[in-house]
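We have chain A already, so just place chain B on it with the hints.
Protein chains: 2
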Amino acid sequence: MSPAYNFASGPARLPDAVLERAHDTLLLRGADGACALERPFSSPAFRATLERARQRLAALLDLPAGYRVLFLAGGAMQQFSMVPLNLLGPSRRAAYADSGYWAGRAIREARRFAEVAVVARYQGDTPLAAPPLENWRLPDDCAYCHITPNETGEGIAYPALPNTGAVPLVADATSCFLAAPLDISRFGLIYAGAQKNIGPAGLTVVIVREDLLQREARYAPAPYCYRQQLAENNTVNTPVGWAIELAALVFDWIAESGGLAAMAEANRRKAERLYHAIDTSGGFYRAPVAHGHRSPSNVRFQLTDERLTEPFLQQAEAAGLTHLRGHCHVGGLRASLYNAMPEAGVAALVAFMADFARRQG
Amino acid sequence: MSPAYNFASGPARLPDAVLERAHDTLLLRGADGACALERPFSSPAFRATLERARQRLAALLDLPAGYRVLFLAGGAMQQFSMVPLNLLGPSRRAAYADSGYWAGRAIREARRFAEVAVVARYQGDTPLAAPPLENWRLPDDCAYCHITPNETGEGIAYPALPNTGAVPLVADATSCFLAAPLDISRFGLIYAGAQKNIGPAGLTVVIVREDLLQREARYAPAPYCYRQQLAENNTVNTPVGWAIELAALVFDWIAESGGLAAMAEANRRKAERLYHAIDTSGGFYRAPVAHGHRSPSNVRFQLTDERLTEPFLQQAEAAGLTHLRGHCHVGGLRASLYNAMPEAGVAALVAFMADFARRQG
Chain A
1 MSPAYNFASG PARLPDAVLE RAHDTLLLRG ADGACALERP FSSPAFRATL
51 ERARQRLAAL LDLPAGYRVL FLAGGAMQQF SMVPLNLLGP SRRAAYADSG
101 YWAGRAIREA RRFAEVAVVA RYQGDTPLAA PPLENWRLPD DCAYCHITPN
151 ETGEGIAYPA LPNTGAVPLV ADATSCFLAA PLDISRFGLI YAGAQKNIGP
201 AGLTVVIVRE DLLQREARYA PAPYCYRQQL AENNTVNTPV GWAIELAALV
251 FDWIAESGGL AAMAEANRRK AERLYHAIDT SGGFYRAPVA HGHRSPSNVR
301 FQLTDERLTE PFLQQAEAAG LTHLRGHCHV GGLRASLYNA MPEAGVAALV
351 AFMADFARRQ G
Chain B
1 MSPAYNFASG PARLPDAVLE RAHDTLLLRG ADGACALERP FSSPAFRATL
51 ERARQRLAAL LDLPAGYRVL FLAGGAMQQF SMVPLNLLGP SRRAAYADSG
101 YWAGRAIREA RRFAEVAVVA RYQGDTPLAA PPLENWRLPD DCAYCHITPN
151 ETGEGIAYPA LPNTGAVPLV ADATSCFLAA PLDISRFGLI YAGAQKNIGP
201 AGLTVVIVRE DLLQREARYA PAPYCYRQQL AENNTVNTPV GWAIELAALV
251 FDWIAESGGL AAMAEANRRK AERLYHAIDT SGGFYRAPVA HGHRSPSNVR
301 FQLTDERLTE PFLQQAEAAG LTHLRGHCHV GGLRASLYNA MPEAGVAALV
351 AFMADFARRQ G
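Chains A and B, in that order, give the protein sequences.
Going by our numbering, the first residue of the first sequence is number 1, and it counts up by one from there.
Going by our numbering, the first residue of the second sequence is number 1, and it counts up by one from there.
Same shape as in the complex, but just chain A:
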């Protein structure tokens, strides 16, 4: 393994132990002559993999009764249409909170299928802040309320979940899923693209409360219908078999590492260390997000002297600290600190930042 630390926002670094386990077994063809990449979906081996992935995820999340889990091909973006196509039911209305770039894309896509009411907005001036949690006016006949609890691009995280009463809360949790314990009972539906804390790109986990499956998805293409996917055991469309297998390995790794509480504790330490380095840099670095709204997963920062951004990125990369460029819509710098980023990676970044500042000063 290379000593480089890859801070990409996703597809992101996978745990070394998972990659090594995948490597060890990649060429192993079982008694049925198929290795993991060749597993037929009708085989008991594939069904066992799927069930193992489901059970391990349920155990990690302490999944309450009445929820179902899907492992769908594709990314979270697909859910931007799949959610309205499945959950609108007889209503045409849905509520969305606009917390930044990804919420904005979810809203744009939902508008093609629904009347969207934007019920809260993030504060876009520095310091940036998540949408306020009070005074959400959910429209009558509102089928659901969609939030993006962690904005990967802006580096904003909600300090708490909104209370939407009887309206099902739907969340794009792509960049915070499995980074900390999560009370699934707060959600009607929650989804997350795999390429942050779950596994390789091209897979999305969806957890849905069973009562929402009663809604009719008349205009959904078959692979987009949650109910049909559950009825056909996740195989309406070709499942991404090996990615599901890798996800099961990641779930094992999380459990062996102490579970979600241990992840949250390590993630808190990593984020605190990096934000502290930024805040105590004497203004050389700046974090544009307000305290209490700063994402522990995606740490955004800037150089006060913006002319130093490119030299910083070049020198960091030469030092093995890679993919630190900010999201293209917001610029600046970003370090994504998902579960697989070791604390040593953050220590190396903080040391490099101090050294870079010293050399400029």
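Check each hint, because a few of them may be wrong.
[Claimed, not checked] Pulled from the structure, derived: some chain B residues nowhere near chain A, Cβ distances all over 12 Å:
hint : residue
1    : Ala-8
2    : Ala-48
3    : Glu-109
4    : Asp-125
5    : Asn-135
6    : Leu-138
7    : Asp-141
8    : Asp-183
9    : Leu-213
10   : Ala-266
11   : Ser-281
12   : Glu-317
13   : Gly-345
14   : Gly-361
[Unchecked claim] Some chain A residues close to chain B (C-beta under 8 Å, calculated; not the full set):
hint : residue
15   : Tyr-5
16   : Arg-21
17   : Ala-22
18   : Asp-32
19   : Gly-33
20   : Pro-64
21   : Gly-75
22   : Gly-193
23   : Pro-221
24   : His-323
25   : Val-350
Calculated directly from the structure, the hints in this document are not laboratory data.
Yeah, the Cβ is synthetic: ideal placement off N, Cα and C, and Gly gets one too.
Chain B alone, transformed into the frame defined by chain A:
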């Protein structure tokens, strides 16, 4: 590698050389700190992979000018809705040929979005045969005509392509793609799930003629819009990065093995050998598909004494000849002979079949 020969219809056996190359590089993190499973989509490394896969596929197919290639997350089933959602345009009508199980599923899904005219049907009595190629009455305002040139379940292949005149021909080529040279200029759009001759499951290749991209896909979810996928360089929805990388390795392997002409020649030899063994078994085995309509990719056969089917499957598996059970909707036996099945695998199967017959006799 295990000596077992896996005859699954898909996800199918991958070439040993490709698996070994993937294994050799799985843990290699590049200068940017990311291995193939971690490659960010915004990285030059990912764009290079995508471009390499496109160029190698275009070279194999001798792709004519005016066609575009997409590598989409998900399986071919997704195309059953994606095709009508993109190609219907102002028309509501499309023509479909019903050649068996998979064509039937494509028709069922298309009916949710289009007025479907079934313009030809396969012969369902033994001997089975592909739809006749004459007298297709394409409706006025017909947006396209969809065929399934190889039916994976029934083991039926069209002896030639139909002539649909000015109506764009659309094909689900999942189980015959890259098994032989193909004149892409005959098609308006052709698609193939990866898990037969392209790579691992969860990826679908779509090749579309540029003029068809002008049609408006008003009701398509964003990841389902060919035009948008092409405009955003295949990344509207999270691409299955590693599967694309593996596909590029498979394309290399085909080229190094002599290209599609060499694949076709080997596939012809393999299929002939197996069908010959069936036809000369003195009625012990039977192939239900008519000569000239027999799929070289999916060889269907039966034991005349059906009580021997389960013992055959059990003993074959014990002999390392696996996944020979026929499609659940048609029963019997099936050996899928995609590019990665070596001739030695067919030889072993033929020897086992003769031995099994001898032992019963």
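Query raised in the report: Taking the least C-beta to C-beta distance, is Pro-64/A closer than 8 Å to chain B?
Result: Constraint on Pro-64/A not satisfied, violated at 28 Å.
Query raised in the report: Does the claim that Gly-361/B lies outside the interface with chain A hold up, using a Cβ gap greater than 12 Å?
Result: holds (28 Å)
Query raised in the report: Any Cβ of chain A at or closer than 12 Å to Asp-141/B, or is the non-interface label fine?
Result: About 22 Å separates Asp-141/B from the closest Cβ of chain A, which puts it past 12 Å; holds.
**Report entry** Glu-109/B non-interfacial with respect to chain A [C-beta, more than 12 Å]
**Finding:** Check fails; 6 Å does not lie beyond 12 Å.
Report task. Could you check that no beta carbon of chain A comes within 12 Å of the beta carbon of Gly-345/B? Result -> violated (10 Å)
Query raised in the report: Does Asp-125/B really sit off the interface, with its C-beta more than 12 Å from all C-beta atoms of chain A?
Result: holds (27 Å)
Query raised in the report: Measuring from the C-beta of Tyr-5/A to each C-beta in chain B, is the shortest one below 8 Å?
Result: This hint holds: Tyr-5/A lies near chain B, its Cβ roughly 6 Å from the closest one there, short of 8 Å.
Query raised in the report: Do the numbers back the hint for Gly-33/A, that is, is its least Cβ distance to chain B under 8 Å?
Result: This hint holds: Gly-33/A lies near chain B, its Cβ roughly 3 Å from the closest one there, short of 8 Å.
Query raised in the report: Can we keep the Gly-193/A interface hint, with Cβ of chain B closer than 8 Å?
Result: holds (6 Å)
Query raised in the report: Does Ala-22/A pass the interface hint, meaning its C-beta sits closer than 8 Å to a C-beta of chain B?
Result: holds (7 Å)
Query raised in the report: In terms of Cβ atoms, is chain A entirely out of 12 Å range of Asp-183/B?
Result: holds (27 Å)
Query raised in the report: Looking at Ser-281/B again, its CB stays over 12 Å from all of chain A?
Result: holds (24 Å)
Hint compliance for this structure: hints 1, 3, 12, 13, 16, 20, 25 are not met, and every other hint is.
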